[in-house]
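K.L.:
Protein sequences, first through last, are from chains S and R.
For the first sequence, position 10 (counting from the first letter as 1) is numbered 10 according to this note's numbering, and the numbering increases by one without interruption.
For the second sequence, position 212 (counting from the first letter as 1) is numbered 212 according to this note's numbering, and the numbering increases by one without interruption.
Hints listed in this document are in silico derivations from the structure and should not be mistaken for laboratory results.
There's no promise every hint is true.
Stated by the list, open to error - Simulated coverage check for chain R against chain S, where a stretch passes if three residues somewhere in it have a Cβ under 8 angstroms from a Cβ of chain S:
hint, region
1, 101-115
2, 173-185
3, 367-374
4, 399-406
For glycine and all other residues, C-beta sits at the position ideal for the given N, C-alpha and C.
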Amino acid sequence: MSAISELTSLRRTRAKTAAERQQQRKENGRDNKAGYLFLLPWLVGLVVITIGPMCASLYLSFTDYNLLQPPKWAGLANFREMLHDTRLHQSLKVTFIYVFVGVPLQLALALVIALALDKGMKGLSFYRSIFYLPSMLGGSVAIAVLWRQIFGTDGLINQALRLVGINAHTGWVSDPSYALGTIIILHIWTFGSPMVIFLAGLRQIPTMYYEAAAVDGARRWARFSKITMPLLSPIVFFNLVLQIIGAFQSFTQAFVVSGGTGGPSDSTLFYTLYLYNRGFANLQMGYASAMAWVLLVIIGAFTAINFFASKYWVFYDD
Amino acid sequence: MGMFNRRQFLVGAAAAASASSIGLAACSGGGSSDGSATLSFGWWGNDVRNRETDQAIKAYMKANPKVTIKQQPGEWDSYWDKLSTEVAGKNAPDVIQMDMAYISQYAKNGTLLDLSQYGVDTSKFAPATVDSGKIDGKLVGINAGINSLTILVNPELFEKAGVDLPDDTKWTWDDYLSLSTELQAKGPTGTTGTQCAFPTDNMLQIWLRQNGKDLYTADGLAFTADDLAQYLDIMVRFMNAHAMPTASAINEEVGKSIDQTAFGTGKQGFALYWSNQLEAVNEASGTTMKMLRPPTVAGDATKLNGYYKASMLWSGYAGSKDPEAVGKLINWWVNNTACAKICLDERGTPANTEIVTAIESKLTAAGKAAVAYLDDIKPGLGKTPAAPPAGSSQIGDIMQRHTNDILFGKDKPATAAPKIVSELQAAIKSAQ
Chain S
1 MSAISELTSL RRTRAKTAAE RQQQRKENGR DNKAGYLFLL PWLVGLVVIT
51 IGPMCASLYL SFTDYNLLQP PKWAGLANFR EMLHDTRLHQ SLKVTFIYVF
101 VGVPLQLALA LVIALALDKG MKGLSFYRSI FYLPSMLGGS VAIAVLWRQI
151 FGTDGLINQA LRLVGINAHT GWVSDPSYAL GTIIILHIWT FGSPMVIFLA
201 GLRQIPTMYY EAAAVDGARR WARFSKITMP LLSPIVFFNL VLQIIGAFQS
251 FTQAFVVSGG TGGPSDSTLF YTLYLYNRGF ANLQMGYASA MAWVLLVIIG
301 AFTAINFFAS KYWVFYDD
Chain R
1 MGMFNRRQFL VGAAAAASAS SIGLAACSGG GSSDGSATLS FGWWGNDVRN
51 RETDQAIKAY MKANPKVTIK QQPGEWDSYW DKLSTEVAGK NAPDVIQMDM
101 AYISQYAKNG TLLDLSQYGV DTSKFAPATV DSGKIDGKLV GINAGINSLT
151 ILVNPELFEK AGVDLPDDTK WTWDDYLSLS TELQAKGPTG TTGTQCAFPT
201 DNMLQIWLRQ NGKDLYTADG LAFTADDLAQ YLDIMVRFMN AHAMPTASAI
251 NEEVGKSIDQ TAFGTGKQGF ALYWSNQLEA VNEASGTTMK MLRPPTVAGD
301 ATKLNGYYKA SMLWSGYAGS KDPEAVGKLI NWWVNNTACA KICLDERGTP
351 ANTEIVTAIE SKLTAAGKAA VAYLDDIKPG LGKTPAAPPA GSSQIGDIMQ
401 RHTNDILFGK DKPATAAPKI VSELQAAIKS AQ
């Protein structure tokens with residue numbers, strides 16, 4: 001309870017006479033005013049930066065809008081076009097592969113590292129910072145540029161391969177067979193933020209369970225599968241939901257690595273990248289808006305499935 | 001009720017909104033009878049251009065103390081995203097540096113001023129250099145400089161490999177292929193014969209025009225899928241003959257700055273550039289490159305059917321508060337020697353022939369070579385093509401995607417060409 005409302009309720013109990021009640025209403029009004037005033041920065045931000053543009057884009061998704069002329073009502077034409085747009089289907093394929101390969105691998109790696117760090121080793125905070133570093137850098141333009149160099153035809157990776165006798169002549173991000181895989185590896189590498197959350201979750205598990213299990217003679221695997229995993233499942237669920245949403249919206253790495261085209265040969269054409277290109281390069285903002293709403297529905301559906309499925313595997317210890 | 005009721009809130013919001021639009025109006029400047037104006041000036045460029053443009057703008061403001069000019073420099077890639085968004089927000093710069101690839105799109109939507117009505121004088125311009133900026137009879141772009149395509153060659157690398165340079169008045173596409181192959185085989189390790197310029201519309205246009213076709217008519221394509229398939233076959237021949245880098249290396253070249261490209265690092269024999277880029281290439285590579293006329297089908301440079309392209313144009317924003325001041329500024333930019341002596345030929349050789357004479361002595365060796373090149377190709381010039389239709393600016397992306405499929409062996413010219421043509425036609429259609 002905030003200080004202001006606490007004060008109000010204290011006064012309310014004391015209010016007796018009609019005059020006092022009137023005075024009371026006035027003060028309540030003033031308190032409300034103060035409340036709204038404090039709320040204003042957030043409210044303005046929400047309305048102007050989020051809800052307004054969202055409503056506008058919902059309207060635009062039913063129009064033919066090239067940014068230069070006023071939008072023309074087009075009904076469901078944009079959505080109908082999406083059914084036959086082979087590049088859109090390619091972008092969905094790329095995005096789904098990225099999400100369903102990248103996210104589980106990233107979470108698995110995050111969990112393994114978190115378990116290793118949870119042993120209470122010396123210099124834990126140092127290692128934690130080191131492992132967290134890629135998460136802070138991974139989404140940045142500079143790292144994507146660096147990766148483009150490292151994975152180039154004559155980049156560090158290929159030079160290393162040549163040293164051990166493998167004659168590598170193709171670039172990892174410039175060959176359509178490997179480009180998406182390389183971006184997925186870049187994503188997995190940024191396992192730091194789920195790792196930190198896992199680590200915090202592991203610390204929450206009471207040691208008495210492990211002690212009891214040890215007394216009963218439970219082995220390592222049994223302790224992990226019967227104690228750690230169930231008690232950590234809410235954290236796994238939280239990470240899963242956040243990472244899936246984030247992965248669906250992934251944009252920067254593909255934009256930089258492919259020079260904004262989704263190339264080579266559309267092999268890194270992420271959904272958001274294609275959306276951006278349709279909107280700003282092809283000036284089809286109506287279509288891009290429709291794409292954005294479809295993405296919202298896809299993400300919403302997967303989040304809903306996640307919450308529904310969570311009933312069967314997430315265990316809350318309370 | 002809260003601090004204010006709904007009506008008060010709406011009134012307040014409306015007031016805030018109108019206040020901000022007043023702010024915008026103030027940004028784009030209000031014209032007044034005493035000649036005072038505030039203009040914004042948007043361009044894309046590089047360090048040299050940014051510096052020179054800044055100097056020229058300051059010189060103009062000094063000569064016209066009542067005019068204030070706000071600078072909006074940018075980068076090519078983000079420039080067009082930004083401009084379209086600004087036009088949508090009715091907040092575009094008053095003076096817009098424009099490109100041939102986009103001018104139809106903007107002109108068609110009524111975004112650009114007809115500058116012939118605002119006192120821009122083009123009487124001193126070389127023939128055919130004014131027409132590039134005319135769309136539907138309106139002068140919506142003023143030629144900011146001319147250039148033409150050239151094949152640059154690295155003479156040092158040829159000497160090292162012991163390969164003779166071609167005679168560019170006679171060489172054919174087959175000569176281009178055999179020389180590239182020979183250089184790649186005989187040059188130091190890591191040498192590649194030529195840059196792969198085939199995925200660009202520039203290279204395609206060179207070849208099409210020699211075959212009596214072109215890229216575009218006023219509202220569509222001037223070539224067929226068969227033409228394109230024939231052209232793409234040449235690329236495949238270059239690839240199979242090992243006359244250019246591997247498919248993935250070609251991909252990595254895209255978007256690199258000149259000093260990082262294979263040609264810029266002295267590891268490549270030929271590369272396609274615009275004539276006004278010679279200076280930048282020489283500076284980035286530390287080598288004095290030589291300009292060659294592109295190869296011809298007929299083996300005769302007078303049959304090149306080339307043209308002088310407007311490297312870029314000056315346009316005025318139709319929503320400008322002060323079109324008179326916009327016209328005056330653009331007129332000064334293209335006709336005033338003081339401005340030309342600052343900007344020289346950085347945006348291409350000026351279209352105003354008197355200006356060229358006035359600045360020629362100040363040009364660098366590369367600048368003079370570019371002027372000489374434009375003079376050299378005169379016997380091979382043909383008709384200036386129509387401005388590309390709206391929507392055609394996507395050709396680069398579309399070509400790159402499908403030529404990649406060919407380079408990586410996932411498609412063939414005969415099947416890729418119809419896809420490129422139909423995608424391009426769809427892009428043009430949807431922009432009409």
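K.L.:
Does each hint hold? Answer for all of them.
P.N.:
Cross-check of the supplied hints:
no.: 1; hint: 101-115; result: holds (count 4)
no.: 2; hint: 173-185; result: violated (count 0)
no.: 3; hint: 367-374; result: violated (count 0)
no.: 4; hint: 399-406; result: holds (count 4)
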